[in-house]
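Participant: Letter by letter, the chains look like this.
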Amino acid sequence: MDVLNSALYGFQISLQPINLLYCLIGVILGTLTGVLPGLGPSGTIAILLPITFHAPAVSSVIMLAGIFYGAQYGGSITSILVSIPGEPSSIVTCIDGHQMARHGRAGPALGISAFGSFIAGTIGVIGLMLVASPLATMALKFGPPEYFSLMILGLIILIYLTQKSLIKAISMGAFGLILSFFGMDIVSAQPRFAFGVDELLDGVGIVPIAMGLFGVAETLVNLEQTEEVKLFETQIKGLLPSRKDWADSFWPLIRGTVIGFFLGILPGGGAILASFVSYAVEKKVTKHPEKFGKGAIEGVAGPESANNAASSTGFIPLLTLGIPANVVLAMLFAGLLIHNITPGPLLLKEHPDVFWGVITSMYTGNILLLLLNLPLIGMWVQITKLPYRLLFPLIILFCVVGVYSIKNTVFDVWIMLIFGAIGYFMKKCDYEPAPLTLAYVLGPMLEQSLRQSLIMSNGTASIFLVRPISLIALVVAAFLLVTAFTGFAKQKRLQVVEGEDPLGQGMGPPGSE
Amino acid sequence: MKRWMNRISTLFLFGFSVFILSLSLRLKVGSFKNPGAGFAPFLASLLLLSLSGVILVKDLLGVSERDQKVPFVTWKNLIKPINLMLALIGYGLLFTVLGYVVATFLLMLAMFIIYQPKRWGPHVITAFIIVGVSFLIFDVWLRVPLPKGIFDFSSFIRSWW
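Protein sequence lines, in the order shown, are assigned to chains A and B. No gaps in the numbering here: position 332 of the first sequence is 333 in my numbering, and each next residue is one more. No gaps in the numbering here: position 117 of the second sequence is 297 in my numbering, and each next residue is one more.
It is worth saying that the hints were derived from the structure and are not from the lab. Keep in mind that this is a model prediction, so the values were computed, not measured. Glycine included, every Cβ here is placed at the ideal spot set by N, Cα and C. There could be a bad hint or two in this list.
As the list claims (entries may be wrong) - Computed Cβ-Cβ distance ranges for the label pairs, DEER-style:
id: 1; chain 1: B; residue 1: Trp300; chain 2: A; residue 2: Leu377; range: 30 to 40 Å
id: 2; chain 1: B; residue 1: Val313; chain 2: A; residue 2: Phe480; range: 48 to 58 Å
id: 3; chain 1: A; residue 1: Phe54; chain 2: B; residue 2: Val313; range: 17 to 27 Å
id: 4; chain 1: A; residue 1: His104; chain 2: B; residue 2: Asp239; range: 44 to 54 Å
id: 5; chain 1: A; residue 1: Phe480; chain 2: B; residue 2: Ile305; range: 55 to 65 Å
id: 6; chain 1: B; residue 1: Asp239; chain 2: A; residue 2: Leu375; range: 50 to 60 Å
I would like the entire structure built from these sequences, with the hints used as guidance.
Facilitator: Have a look at this one:
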């Protein structure tokens, strides 16, 4: 099947009324997630995972994917209007987007953000269609050593991009790996760390862990704030950018799309990195750098395009290699597993409906998002005013019921509460949950590929160094680790992840999702 | 306070890694030629042990990281999170005993009161509405078998619905 036929097949699936409905629900929930503070797409997907048990697999994944890329759209609304990034990838949008709003240009800022997101998201999906299929075919030739090294690279990139202590981020990765080993041994089926508890024979479970770390812990952190955030009141008029706005935004939009496209493919990379790099590039190439930070539309168009392109291409490593590029995609990975679908090179062959259905649903999802974001902007603004005193009990309620409904056991609720408490204290001590979650998801595959590689090579660890792809992945991972720990590079890393000097704004650090 | 919290959390990871390390040794670690069930946990716990050890030593030697610049939460700010955790623990204990409807109503009420202690009337009404709607969505519509508990309001609501 060539790409065009595959696309037509995908549209036959994604345009079915039920799938359109799920796509609409997904993008609405995604935008909502982006708009509402205190609930990220990881938490939302974790909460909704149990509900998708009752839905067809394709529809469920279409909805979960919609939440992911929809959150990028929604995140920009609060960034521009309130200067609170709904999503970490929208942090840089706060800088110029909010300044535009303060100068009475909230409309064009929201408009270019929505159009830029739409154009970049659509181009990203086209790229995804073109690249995914050949890459999946190529990935069939990958053996356990390649998988092991690519997963290590993915983890290291995520750790490299961590906002706080590197050692602590690696520790959380190791902690996540250990947790993933609870349950049955994958080779001998011998119980490991089950302590006589039947429920632990199946492992700790990604949903209770994720809900604890991203739902409960996040709520506990937010509850510390004693005052409600006051919104910046502004008139939103003229959402369509002017001809000059378009002229100023055209090249930033193209550059942002290209940057997002390539950085999104990187395992461990993604929308956050793409938006920061795009902003830094725009500031570098502009003839008027003095305008940046004071409401330059280029500072909105570039990063918003970059983060949306990256959120589309982030699906490439997930769908073709079975390696989630970030935590949100790790949750999506879990969602696929729940429906007995294993992401990876065989996905295209075994479940073409899921593969092409999900990819093509992103076209429709992007159109739906454009329609939702422009005419309904007033409604989203009203939603940002939802008081936290009502929001947080609902988050907790969804977490409890969601986690209970998986196996109908209170044991999972306790696991969630334990990880909520652990996540809270770890967060306060600068231990981030993202490496833990990704390591937990990758853990079983990582162990399997490690053991298979060692058995294949008769116990020689050099198998990872004699195979080119594996070697390249490990060299890049080692390079990142070494540079991250050494003087100048360490400072540069912090600048990139915190957006300090490259942006010249001293912005707060991005979140970890 | 942050330094102590830091030490406690690192000690937790240190202790956890020692515990897993000893358990993985009891499982068959095997060899590089034939890795056993304890092989991967052994490596991961060794990594965690080393890293948490480094963090502890750095902390004890006073080689602080950038995190010392970040202001830590005060006791005043901790009241709400601690209260919520206590409410959730209580909920976990009462969930199957009282059943979903009653236990969740009490949890909702507790959460509203934790955030705004002085508005009991609206809190009761809002908690009642949320529990009712959530019950209809999850139990009646999505057929999640929520615990009935000693009061078994679920059967009553179902028959009424």
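Participant: For each hint, tell me whether it holds in the structure or not.
Facilitator: Cross-check of the supplied hints:
{"no.": "1", "hint": "B/Trp300 to A/Leu377: 30 to 40 Å", "verdict": "holds (36 Å)"}
{"no.": "2", "hint": "B/Val313 to A/Phe480: 48 to 58 Å", "verdict": "holds (53 Å)"}
{"no.": "3", "hint": "A/Phe54 to B/Val313: 17 to 27 Å", "verdict": "holds (21 Å)"}
{"no.": "4", "hint": "A/His104 to B/Asp239: 44 to 54 Å", "verdict": "holds (47 Å)"}
{"no.": "5", "hint": "A/Phe480 to B/Ile305: 55 to 65 Å", "verdict": "holds (60 Å)"}
{"no.": "6", "hint": "B/Asp239 to A/Leu375: 50 to 60 Å", "verdict": "holds (51 Å)"}
In summary, this structure violates none of the numbered hints.
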